[in-house]
Amino acid sequence: MTDNPAGKKAKSLPFATDFKTLGPAIALLLLCVIGFSLNSAFLSEGNITNLLTRSAFIGIIAVGATFVITSGGIDLSVGSMAAVIAGVMIITMNMLVPITGTGITTVLIGCAISVVLGLGAGLVNGLLTTKGKIEAFIVTLGTMGIFRSLVTYFADGGTLSLDYGIRGTYRPVYYDSFMGLPIPVWVFISVAIIGWVLLNRTAFGRYCTAIGSNEAVAKYSAIKVDRIKTWTYVIQGICVALATIIYVPRLGSASSSTGVLWELEAIAAVIIGGTVLKGGYGRIGGTILGALILTTIGNILNFTDMISNYLNGTMQGLIIITAVWLQRGNFGRKKEKKA
Amino acid sequence: MKAPKSLFAAALTGAMMLAGTALAADKIKIGVSYPTPTHAWAAGMNWHAEKAEERLEALYPDVDLILVNSPDPSQQASAIEDLVSVHQIDALVVLPFESEPLTDPVLNAKKSGAMITVVDRGLSQPGIEDIYVAGNNPEMGRVSAEYMKSRLKSGDNIVILRGIPTIIDNERFDAFMEGIKDTGINVLDHKHANWNRDDGFEVMQDFLSRFPDIDAVWAQDDDIAIGVVAALKQAGRDGNGMFVVGGAGMKETIKGVMDGNELVPVDVLYPPAMIATAMDVTVAAFKSNGPVAGRYILGATLITKDNAKDFYFPDSPF
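Quick note, the sequences are listed as chains A and B, same order. Using my numbering, the letters of the first sequence correspond one by one to residues 1157 to 1495. Using my numbering, the letters of the second sequence correspond one by one to residues 2 to 319.
It should be emphasised that the hints constitute simulated quantities derived from the structure, not laboratory data. Note that the coordinates shown come from a computational prediction; the quantities given were computed from them, not determined experimentally. The C-beta atom is built at its ideal place from N, Cα and C for all residues, glycine as well. Please note: incorrect hints may appear among the correct ones.
To list a few chain A residues with every Cβ distance to chain B over 12 Å, as calculated [as the list claims (entries may be wrong)]:
no.	residue
1	K1289
2	I1294
3	Y1437
4	L1474
Partner residues aside, some chain B positions facing chain A, computed with beta carbon under 10 Å [what the hints assert, rightly or not]:
no.	residue
5	R163
6	G180
7	N187
8	D190
9	F212
10	Y313
Could you put together the complete structure from these sequences and hints?
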């Protein structure tokens, strides 16, 4: 209902490239207007805080995915990776209770393990893709299955639950606020800033873009293609580990249904944000907006009973497609002629 | 040199096969086919199936139960074919992944002469199974509604968190709505939380932002209820007699009911142990001196502080 007027506007705008960067922002703004018109509680402080905190998981993972996708790769294993890291964290922390108690030490060791696992998993994905010369799609499809079945195995098909004592210590990491913003949001902001600097202000970021637009040329330009590409998967792994660290204290549990389809949500956030799926162009700011858009859609659907429950998926799909279409605007028309 | 050796080998295999069939003829072979545990309830079911296997095989040395789990409907169909052709089972206990795709494989098993016990989800063609064992989804909705009625009065507000959009979910939901009809209890809204903790948490957060006055939550499932409770606690709205009704019989929830948890005071049973019941009944068909064929519909018992210990299995993964 809202896409028609916006679409017309896109065609009449003279500054098409501006519209391209503004696309996701406009889509988010439209969603907020819809949300507010449904119920004014949408813009209440509590709801906004919930929204931002929820976006943090997908958002942090999507920042990592921006690097992978910009350099022409793809990582389908992130959801399963988050689940298995959460599972191993919980098992380790529970095992540590008799040794290091339920204090902050145990939590810190748990977090350290999470980062090490994320780094390791990313390295495996990266090396198999670059040194192993296997398509990233296949490598990460494989590790997706491996990680998912490992968490099922560790949990004996059931659910792994964090010890109640540790949960008390760890809980503030999700539920507490610092200067009015919940801790996960701060982590999200930090990751976003570091990601932005890394992609836009460093040689590494430029190499990622160069490899994504033409790997052969990048290689002839003396860019260490394999090393850079491996690093993008490692960054992705670390992002997953960070997201897991703030996810675990929420419900203190992990099961085989943890993180299902997060990989698709992360990729969707990246693409909605304007990064090109086949690589060569990446935008961290867009990715953040993309993650916010995805979470807001779910939130709005919970705020209304006008649409049949069974059509939630349809609405989500339509809004995602509209958001990307908005952002392409008539920019896409010019480019396609050239291609 | 080579020929006599392979001849010997062939003879040996032949002898072993003969012995094998002779042995098989003595044993009552029962195949048990069910989905691979990928969520907590199914893990509980797997645990109960393994326990029942140990118990029944110890009780009846001539009964051989063969447990097979499959990750999707087509692999389950293959597993059933193997049970029939390789193991030559006398009976099949099957919890179908989906009704439609498994109807034919089960029908073929029946044609081989095996007795058929269907668990939980029915087949799409009537009259194939000799025994049907199932939980009671409508009853689960009805019992939950009864409890809500006993605690709430006209004008009180509830929200409902549903499962994954399926027949099972519809049966529970429709029976619940029927149960609270004409009581004056307002259902503010109902959303799917997909029998999942994370979704339960998020949907409940949104309900709490949207509705300032909620008196009770029907979460329909223990996993969803865990997410709901976390959201209530975060918002500080878990006091004032607010309560959550889940369902299924998760051990942590039942432990909570035993300990007098006020926020989740009861649970409604949808037992993962139903596969064990089905195995018991199937074995009884060979061992009992009375008729066993028929329909066994398990109760959706309201688990309260008084009876919780009967449903508490601390070793089960669910």
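Review point. For K1289 of chain A, which was marked as not at the interface, is the minimum beta-carbon distance to chain B over 12 Å?
Key: Its Cβ never comes within 12 Å of chain B, the nearest being 30 Å, so this holds.
Check your understanding: Checking the smallest CB distance to chain B, is I1294 of chain A really beyond 12 Å?
Key -> 20 Å, holds
Review point. Does N187 of chain B pass the interface check with chain A, least Cβ-Cβ distance below 10 Å?
Key: 13 Å, violated
Check your understanding: Hint check: is the beta carbon of Y313 of chain B less than 10 Å from a beta carbon of chain A?
Key -> Violated - the Cβ of Y313 of chain B stays beyond 10 Å from chain A, reaching only about 15 Å at its closest.
Check your understanding: Does the no-contact call for L1474 of chain A survive, Cβ to all of chain B over 12 Å?
Key -> 18 Å, holds
Check your understanding: Is the hint on F212 of chain B kept, meaning its closest Cβ partner in chain A is under 10 Å away?
Key -> 9 Å, holds
**Study point:** Outside-interface status for Y1437 of chain A - nearest CB in chain B farther than 12 Å
**Key:** 32 Å, holds
**Study point:** Interface hint compliance - D190 of chain B to chain A, C-beta minimum distance less than 10 Å
**Key:** 5 Å, holds
Exercise for review: Under 10 Å, Cβ to Cβ, is where G180 of chain B needs to be relative to chain A, so tell me if that hint holds or is violated.
Suggested key: 20 Å, violated
Point to revise | chain A contact restraint on R163 of chain B - CB to CB distance below 10 Å | key: 7 Å, holds
Of the numbered hints listed earlier, those contradicted by the structure are 6, 7, 10.
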